[in-house]
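K.L.:
Sequence:
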Amino acid sequence: MTPAIPKTIEAYLEQLREALAGADAALIQDALYDAEEYLRSELAEHPGRGEADLLAEVATSYGAPEEVADIYRDKETQVQEALRAPPPTARRSPLGRFFAVGADPRAWAALFYMILSLATGIFYFTWAVTGTSLSLGLSVLIFGLPFATLFIATVRALSLVEGRLIEAMFGVRMPRRPLYADRGKPLMARIKGMFADPRTWSTLFYMVLMLPLGILYFTIAIVGVALSLELLIGPILYATTGFGFINFDDVSYGIPLWLEPLTLVLGAVLFCALLHLARGIGRVHGALAKQLLVKTAQY
Numbered sequence: 001m002t003p004a005i006p007k008t009i010e011a012y013l014e015q016l017r018e019a020l021a022g023a024d025a026a027l028i029q030d031a032l033y034d035a036e037e038y039l040r041s042e043l044a045e046h047p048g049r050g051e052a053d054l055l056a057e058v059a060t061s062y063g064a065p066e067e068v069a070d071i072y073r074d075k076e077t078q079v080q081e082a083l084r085a086p087p088p089t090a091r092r093s094p095l096g097r098f099f100a101v102g103a104d105p106r107a108w109a110a111l112f113y114m115i116l117s118l119a120t121g122i123f124y125f126t127w128a129v130t131g132t133s134l135s136l137g138l139s140v141l142i143f144g145l146p147f148a149t150l151f152i153a154t155v156r157a158l159s160l161v162e163g164r165l166i167e168a169m170f171g172v173r174m175p176r177r178p179l180y181a182d183r184g185k186p187l188m189a190r191i192k193g194m195f196a197d198p199r200t201w202s203t204l205f206y207m208v209l210m211l212p213l214g215i216l217y218f219t220i221a222i223v224g225v226a227l228s229l230e231l232l233i234g235p236i237l238y239a240t241t242g243f244g245f246i247n248f249d250d251v252s253y254g255i256p257l258w259l260e261p262l263t264l265v266l267g268a269v270l271f272c273a274l275l276h277l278a279r280g281i282g283r284v285h286g287a288l289a290k291q292l293l294v295k296t297a298q299y
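For reference, each letter of the sequence shown is one residue, going 1 to 299 in full-length UniProt numbering.
Calculated directly from the structure, the hints in this document are not laboratory data. Errors might be hidden in some of the hints.
[Stated by the list, open to error] Computed Cβ-Cβ distance ranges for the label pairs, DEER-style:
id, residue 1, residue 2, range
1, 61, 216, 50 to 56 Å
2, 276, 209, 22 to 28 Å
3, 225, 261, 19 to 25 Å
4, 137, 264, 54 to 60 Å
Glycine included, each C-beta is placed from N, C-alpha and C at the ideal position.
Working from the sequences, and respecting the hints, build out all of it.
P.N.:
Right under this line is the structure:
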């Protein structure tokens with residue numbers, strides 16, 4: 001049975017949300033943004049028309065909610081297939097699968113994100129704590145509310161930026177459009193909506209959480225890379241320059257010649273293990289970002 005044509009924009013969006021049930025939360029957010037922006041723009045261009053008449057016409061031009069949902073699902077499948085990296089050559093042996101991580105671009109991207117996360121974590125933490133403190137401290141003054149509103153707006157913008165970074169590095173689908181702000185509503189209603197949105201506060205929590213996570217990720221990445229390179233390059237440097245693993249009082253101490261091949265193998269194994277760990281951290285962190293930065297249907 002075909003659902004009746006909705007009479008209001010809110011009803012149209014609700015039917016679209018129901019039609020997209022089970023789809024990715026980021027896809028649902030983008031689809032709802034596009035639909036609401038289009039519908040409210042059409043309504044603003046024709047102020048004399050009611051929402052019911054507009055939606056009756058939209059059902060044949062923009063599409064009914066079920067049709068729009070099908071279009072978004074199809075386009076998302078096409079985009080994901082186009083962006084998906086070619087699958088690596090299948091390795092049958094466990095050893096082959098272990099070392100094949102070196103050809104996985106997602107593992108390298110995750111490792112780069114771990115190194116970058118210290119800088120982003122410091123920035124996010126400083127921005128969140130400073131902005132929150134100033135907003136609370138200035139709340140008794142006349143410009144306290146405008147300052148807090150501006151701060152919350154920047155937090156929501158940063159969540160979109162972080163989402164794009166997460167999607168680029170980890171391949172996790174994140175929103176590509178912000179939450180829609182209905183300009184037809186009174187200003188105070190829009191401000192109240194920002195403060196009442198649970199995603200605003202979950203984003204603030206994510207920004208604060210990024211500092212300890214950034215320190216942890218950075219430490220793991222730097223220590224792992226440094227130790228791996230020392231094991232891989234150390235024997236070569238000692239053989240060519242005399243600079244050993246341990247240097248004390250202008251005396252270099254290397255390792256026995258017969259142990260050098262084992263050291264090289266150990267360095268390669270350790271670096272591949274680090275890439276496996278980075279890829280796993282990327283998956284976990286992507287899921288965390290998805291949970292805290294994406295507006296869910298329950299909101």
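K.L.:
Each hint should be assessed against the structure and marked as holding or not.
P.N.:
Here is what the structure says about each hint:
no.: 1; hint: 61 x 216: 50 to 56 Å; result: 51 Å, holds
no.: 2; hint: 276 x 209: 22 to 28 Å; result: 24 Å, holds
no.: 3; hint: 225 x 261: 19 to 25 Å; result: 21 Å, holds
no.: 4; hint: 137 x 264: 54 to 60 Å; result: 58 Å, holds
Every hint, counting from the list given before, is met by this structure.
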